[in-house]
Amino acid sequence: MLSGIGNFASHFFVTGDPMIYGADASILLVSLGILFVLTRYRKWGWLWQDWLTTVDHKKIGIMYLIAALLMFFRGGVDALLMRTQLAVPNNHFLTAEHYDQIFTTHGTIMILFMAMPLIFALFNIVVPLQIGARDVAFPYLNAVSFWLFFFGAMLFNLSFVIGGSPDAGWVSYPPLSELHFDPGPGENYYLLALQISGIGSIATGINFIATILKMRAPGMKLMQMPLFTWSALSASIVIIFAFPALTIALALLMLDRIVGTHFFTILHGGDPMMFVNLFWVWGHPEVYIVVLPSFGAISEVVATFSRKRIFGYTSMVASLLLISVISYFVWAHHFFTMGAGADVNTFFAIASMMVAIPTGVKVFNWLFTMYRGRIRLELPMYWALALIVGFLMGGATGVMLAIAPADYQYHNSYFLIAHFHQTLIGGVVFGLFAGMYYWWPKMFGFKLNHRLGVWAFWLFNIGFYVCFMPQYALGFMGMQRRMYTYPAGMGWTDLNFISTIGAYLMGLGFLFIVAQIVYSIKFGERDLTGDPWDARTLEWSLPSPAPHYNFAVLPQVTARDMWWELKQQGRTGDLRPTSEDLKPIHMPKNSGRPFIMGVSFFVAGFGFVFNWYPIAVIGLLAVVVTLITRSFEYGDEYHVPVEEIQHTEAALGRLS
Amino acid sequence: MAIAAHDANLHGAIAGKPIEYQDPHQAVKILGFWLFLATDMLLFGCLFATYLVLRTHTDGGPTASQLFDVPGFAAETIILLTSSFTGGLATLSMRNGNKKGVMAWIIVTILLGLAFVGLEVNEFITYASHGATMQRSAFLSSFFTLVGTHGSHVTLGIIWMFSILMQVKKRGITPETARKIFIVNLYWHFLDVVWVFIFTIVYLSGVVM
Numbered sequence: 075m076l077s078g079i080g081n082f083a084s085h086f087f088v089t090g091d092p093m094i095y096g097a098d099a100s101i102l103l104v105s106l107g108i109l110f111v112l113t114r115y116r117k118w119g120w121l122w123q124d125w126l127t128t129v130d131h132k133k134i135g136i137m138y139l140i141a142a143l144l145m146f147f148r149g150g151v152d153a154l155l156m157r158t159q160l161a162v163p164n165n166h167f168l169t170a171e172h173y174d175q176i177f178t179t180h181g182t183i184m185i186l187f188m189a190m191p192l193i194f195a196l197f198n199i200v201v202p203l204q205i206g207a208r209d210v211a212f213p214y215l216n217a218v219s220f221w222l223f224f225f226g227a228m229l230f231n232l233s234f235v236i237g238g239s240p241d242a243g244w245v246s247y248p249p250l251s252e253l254h255f256d257p258g259p260g261e262n263y264y265l266l267a268l269q270i271s272g273i274g275s276i277a278t279g280i281n282f283i284a285t286i287l288k289m290r291a292p293g294m295k296l297m298q299m300p301l302f303t304w305s306a307l308s309a310s311i312v313i314i315f316a317f318p319a320l321t322i323a324l325a326l327l328m329l330d331r332i333v334g335t336h337f338f339t340i341l342h343g344g345d346p347m348m349f350v351n352l353f354w355v356w357g358h359p360e361v362y363i364v365v366l367p368s369f370g371a372i373s374e375v376v377a378t379f380s381r382k383r384i385f386g387y388t389s390m391v392a393s394l395l396l397i398s399v400i401s402y403f404v405w406a407h408h409f410f411t412m413g414a415g416a417d418v419n420t421f422f423a424i425a426s427m428m429v430a431i432p433t434g435v436k437v438f439n440w441l442f443t444m445y446r447g448r449i450r451l452e453l454p455m456y457w458a459l460a461l462i463v464g465f466l467m468g469g470a471t472g473v474m475l476a477i478a479p480a481d482y483q484y485h486n487s488y489f490l491i492a493h494f495h496q497t498l499i500g501g502v503v504f505g506l507f508a509g510m511y512y513w514w515p516k517m518f519g520f521k522l523n524h525r526l527g528v529w530a531f532w533l534f535n536i537g538f539y540v541c542f543m544p545q546y547a548l549g550f551m552g553m554q555r556r557m558y559t560y561p562a563g564m565g566w567t568d569l570n571f572i573s574t575i576g577a578y579l580m581g582l583g584f585l586f587i588v589a590q591i592v593y594s595i596k597f598g599e600r601d602l603t604g605d606p607w608d609a610r611t612l613e614w615s616l617p618s619p620a621p622h623y624n625f626a627v628l629p630q631v632t633a634r635d636m637w638w639e640l641k642q643q644g645r646t647g648d649l650r651p652t653s654e655d656l657k658p659i660h661m662p663k664n665s666g667r668p669f670i671m672g673v674s675f676f677v678a679g680f681g682f683v684f685n686w687y688p689i690a691v692i693g694l695l696a697v698v699v700t701l702i703t704r705s706f707e708y709g710d711e712y713h714v715p716v717e718e719i720q721h722t723e724a725a726l727g728r729l730s
Numbered sequence: 014m015a016i017a018a019h020d021a022n023l024h025g026a027i028a029g030k031p032i033e034y035q036d037p038h039q040a041v042k043i044l045g046f047w048l049f050l051a052t053d054m055l056l057f058g059c060l061f062a063t064y065l066v067l068r069t070h071t072d073g074g075p076t077a078s079q080l081f082d083v084p085g086f087a088a089e090t091i092i093l094l095t096s097s098f099t100g101g102l103a104t105l106s107m108r109n110g111n112k113k114g115v116m117a118w119i120i121v122t123i124l125l126g127l128a129f130v131g132l133e134v135n136e137f138i139t140y141a142s143h144g145a146t147m148q149r150s151a152f153l154s155s156f157f158t159l160v161g162t163h164g165s166h167v168t169l170g171i172i173w174m175f176s177i178l179m180q181v182k183k184r185g186i187t188p189e190t191a192r193k194i195f196i197v198n199l200y201w202h203f204l205d206v207v208w209v210f211i212f213t214i215v216y217l218s219g220v221v222m
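Chains as they are written, first to last, in my numbering: chain A, 75 to 730; chain B, 14 to 222.
These are computed hints drawn from the structure, not numbers from a lab. Backbone N, C-alpha and C define an ideal beta-carbon position, used for all residues, glycine too.
Here chain B is said to cover these stretches of chain A; the calculated rule only asks that three of the stretch's residues, wherever they fall, bring their Cβ under 8 Å from a Cβ of chain B:
(1) 282 to 295
(2) 310 to 321
(3) 343 to 353
(4) 705 to 713
What follows is a set of in silico ranges between Cβ atoms, one per label pair, in the way DEER data are often shown:
(5) 561/A x 141/B: 52 to 58 Å
(6) 687/A x 141/B: 17 to 23 Å
(7) 257/A x 108/B: 54 to 60 Å
(8) 85/B x 687/A: 28 to 34 Å
Next comes chain A alone, as it looks inside the complex (with noise of 0.2 Å):
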């Protein structure tokens, strides 16, 4: 009996490697710390009332930050264990195996829970406040989003302790990802994890088209809306019509490992080209999810820190759409050497290099908005500067890497690994940086430390150089990427160093944006105008954070840069509320449904991916139950009366 628990237990949890020791400890820590705090200090009603049941789109938007910060720690350790493994020639730090584990995370974690809880953060807290709107579209369908996003997340980090990390790449191709080749569960982590997040992420889209296309504020038009808000509508359309494609690849792959189904293996006439096919038919799309929001908070700031309007607003707009759509037409790049052709390969050639027009339109109206403008240098403008430099590299060598015969010599070497890195990095980490910075003050009520906001700036950008310079060469001189080590007579080795140098600069500039943020929450420079920028769209004219209302009087929008034109005319007065305007205001009851929801679908998928069927059974059923009684509720809103508005305004000194 005992030797039996002791044989599962040998299984189910992680064993043999005093890292995963470590980090098994310092996970039971962390979670006995946090229960002791919340019980300590009486937090827990908080925790549930404040947070776990809120619909207010501001809140969760700080939910997605939070989780995308942690996630991008959990991935950058996973980069430099990585790096540390290949510092050095004929290196065994880590075993190939963990090897393996690691990159497929690093890079699941950093594109699924980093990059893209890192957008619905920017789109939660800044599109409603832009367009002048109470809240998204649908606040209860978004508050499911976000706990479909967070578990996913918890499924797939728990892998890591419990059973065993995914170890087939982030793409996780057929047949390698097949039951036959990968037993185990830690390929039923990913899958389901990403389908469970996937779903969310869908609904985000859903909620965003519907809240920009019907709750912006009267009188303004599509060509009046914020750029941030374009980029978000334009992202959300993409996420639509992208990621039903990478449900449908995931649920096909595992009903071949649960089910035992033919639609990828190699025998019974599957084909696992469809699943890399039907992967990229979302992958690609997927990275312009990632950076048309990161384009459209640098095209805010750029503005605002030039003091003028933005160069070729419609060109812009323009462009944004352009991207969305040949977005579709080039996902077979990632596959030249496939086969398919010449005919084929041409057509995805010429479209992926097509990308770099819209593309080139939107780096040069950024420049001409900065030429012969008042440009301040702050936190923010730092990031869009090194966006600039850094996504023009990467957009450069993808032209290269876009012609498909050469496409050949480099497919899968470490010149691609530096070309995505510098457009996911420089593309999109830094231009999504550049808008936390910005929006910083308007989520929490104070600005980030500017002194060491620029170590950290500094740090990470010339360890992003260091880092990933070197790793162009490498790819030339015939390093493919995946390699667990190498031998020392390949010329590799220096470069190699060097580029886990720069690793290690980027891990002390992360470093130093969380000294940055802790020192800030304590000494930070409280924002009492809620404009601290002097910017020009419609959250600046709100107090810093805004009240769960956001607007006590929706504004009357007639000008593109509202608030700058109102500020230019002297009638800021005009957005401050009157005791006679206001009327009880319309809002959503918070609910502990989708957080229920949450932990349903968390349970079904870890019941999945042991084939333990009960446990998976249970799991959807409490989702269908959660369905079902959401179905039957009635009376979700209430009425926020005058007097409690009255009394939030003219706390906030408003009230006119």
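Since the structure of chain A is provided, determine the placement of chain B on it from the hints.
Okay, now just chain B, sitting in the frame of chain A:
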């Protein structure tokens, strides 16, 4: 409803519109549902693409023309198309404010839906008993997954319609229940459209080719 948070954005009730669109907070939900249907359409699109790629990959096992039974899938088609019509009649009764009519037509639609699912389950069991299981070949994997996904959508639709039937019974026809009746019927018609494609691409082509 939740959307009521924004009532001032969505200017008051608009006369002359059908009941489900009169309250702007309900109208937004209808738009949201159309967007959801777009995603569901793409989901089926990917399943159709997979089926088209794999339909000749029978690995020496049963082929489409050996399996498909014309009277069987013809009956399924007629029943499902009829149920879409009766669902439409439920929407019509709703717009006429006829609660009894709504309930009666929803019940008919549910019964037809159950008959459809019953026939499909029977069809699947027959195939499996002849050794044509979804593990037999890539063709059968993609066939069962495509048609089965549609069938599970129909099953979910039946449960959903039943829950709305209970709500209409209790609350009558209000803008909110009207929106729900309208949406569940949109979903039902959508499944009908998907079936038309399954009928042509899977069954008809399968028998002919």
